[in-house]
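Visitor: Here's the letter readout for the chains.
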Amino acid sequence: MLDLIQLGIFVALVTVGFFAGSIVERRHYASIRARERAYADVLAFMVRFPPDRVSAQHAFLVHGTVVISSDYFKTFIAALRNLFGGRMRAYESLMERARREALLRLKAEARRRGAKLVVCVRFETTTIATGWAPSMEVFAYGTALIPAGVEAPASGRSRLLGDGYARYGQGAS
Amino acid sequence: MIVSNLELIPGRRILAHYGIVQGSTVRAKHVGKDIFAGLKNIVGGELRGYTELMQEAREEAIARMVAEAESVGANAVLNVRFATTSIAVGAAEILAYGSAVKLDEA
Numbered sequence: 001m002l003d004l005i006q007l008g009i010f011v012a013l014v015t016v017g018f019f020a021g022s023i024v025e026r027r028h029y030a031s032i033r034a035r036e037r038a039y040a041d042v043l044a045f046m047v048r049f050p051p052d053r054v055s056a057q058h059a060f061l062v063h064g065t066v067v068i069s070s071d072y073f074k075t076f077i078a079a080l081r082n083l084f085g086g087r088m089r090a091y092e093s094l095m096e097r098a099r100r101e102a103l104l105r106l107k108a109e110a111r112r113r114g115a116k117l118v119v120c121v122r123f124e125t126t127t128i129a130t131g132w133a134p135s136m137e138v139f140a141y142g143t144a145l146i147p148a149g150v151e152a153p154a155s156g157r158s159r160l161l162g163d164g165y166a167r168y169g170q171g172a173s
Numbered sequence: 001m002i003v004s005n006l007e008l009i010p011g012r013r014i015l016a017h018y019g020i021v022q023g024s025t026v027r028a029k030h031v032g033k034d035i036f037a038g039l040k041n042i043v044g045g046e047l048r049g050y051t052e053l054m055q056e057a058r059e060e061a062i063a064r065m066v067a068e069a070e071s072v073g074a075n076a077v078l079n080v081r082f083a084t085t086s087i088a089v090g091a092a093e094i095l096a097y098g099s100a101v102k103l104d105e106a
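Those protein sequence lines, which keep their order, are chains A and B. The first sequence lines up with residues 1 to 173 when you count with the working numbering. The second sequence lines up with residues 1 to 106 when you count with the working numbering.
Think of the hints as simulated: they come from the structure by calculation, not from any bench. Values in this document were obtained by computation on a predicted structure and should not be read as measured data. Cβ coordinates follow ideal geometry from the N, Cα and C atoms, glycine included. Be careful, since some hints might not be right.
[Said to hold, decoys possible] Reference excerpt, derived from the structure (chain A facing chain B, CB under 10 Å, subset only):
no.: 1; residue: Val16
no.: 2; residue: Ile68
no.: 3; residue: Arg100
no.: 4; residue: Glu101
[What the hints assert, rightly or not] One-sided and incomplete, this derived list gives chain A residues near chain B with beta-carbon spacing under 8 Å:
no.: 5; residue: Thr15
no.: 6; residue: Gly17
no.: 7; residue: Ser31
no.: 8; residue: Tyr39
no.: 9; residue: Ser55
no.: 10; residue: Ser70
no.: 11; residue: Tyr72
no.: 12; residue: Ala79
no.: 13; residue: Asn82
no.: 14; residue: Arg122
no.: 15; residue: Glu137
[As the list claims (entries may be wrong)] Covered by chain A, per the in silico footprint, the following chain B stretches (three or more residues, Cβ under 8 Å):
no.: 16; segment: 5–18
no.: 17; segment: 34–43
no.: 18; segment: 54–66
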């Protein structure tokens, strides 16, 4: 009897996880796509050096972080998958959402502080919890650059890259 | 104080190097947040309480690193890197480290 109740609770949790989890995931993806379009003008690159190393620029660290948790259904599917090996699609989408979210938050901070270019972007992933409730933190950080004198644009931009650089600048729209 | 993970700041010259500066903090999870996170685990998604916790911890680590840089007379920390380690279940160390340097005036 007790075993039956336990099994019932387990099945209920996995079912709730399946329905609520897929709603959460769909909403999150919709929100990510909408914000990725909205922040399309904030450029983020992995390059170690800025495109223009000569002109004076304001540089500051920006970061974005998100702690994301798996749902019971994903954990259950992953546990099954663990028996046979192979791709864990349930966790792949989870990690992808977390990475895109962290990058979006980095871009949001950059824009809030007036920058439209972020270079040297790095990701760092940490496991917060494992077991039946695995959760991960994804942290993105990089250096935001604002060309000096963007308050008075139109002249005195990069000597090296000329007008091409204007695309990164705040002055250009 | 300029904090950046670049190796140089465009248009600025490095006048002096002061070596590595670091700041770290060890944070534990809050029981209330933990219970809420336990419930949230059923449906999945973001654990906002933990996101805020990690955010605060990183800012604290950066602040301590900057304080150390100021104490040696630097005006910038370059090449900043982060590292996170779980020390025990529910406790994590967040470390920020970088090179303290003196830059010329812009």
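Visitor: Please go over all the hints and tell whether each is borne out by the structure.
Guide: Taking the hints in turn, this is what the structure says about them:
no.: 1; hint: Val16; in the structure: holds (6 Å)
no.: 2; hint: Ile68; in the structure: holds (6 Å)
no.: 3; hint: Arg100; in the structure: violated (12 Å)
no.: 4; hint: Glu101; in the structure: holds (8 Å)
no.: 5; hint: Thr15; in the structure: violated (10 Å)
no.: 6; hint: Gly17; in the structure: holds (6 Å)
no.: 7; hint: Ser31; in the structure: violated (11 Å)
no.: 8; hint: Tyr39; in the structure: violated (18 Å)
no.: 9; hint: Ser55; in the structure: holds (5 Å)
no.: 10; hint: Ser70; in the structure: holds (6 Å)
no.: 11; hint: Tyr72; in the structure: holds (5 Å)
no.: 12; hint: Ala79; in the structure: violated (14 Å)
no.: 13; hint: Asn82; in the structure: violated (18 Å)
no.: 14; hint: Arg122; in the structure: holds (7 Å)
no.: 15; hint: Glu137; in the structure: holds (5 Å)
no.: 16; hint: 5–18; in the structure: holds (count 8)
no.: 17; hint: 34–43; in the structure: holds (count 6)
no.: 18; hint: 54–66; in the structure: holds (count 4)
The structure is inconsistent with the numbered hints 3, 5, 7, 8, 12, 13, although it conforms to all the rest.
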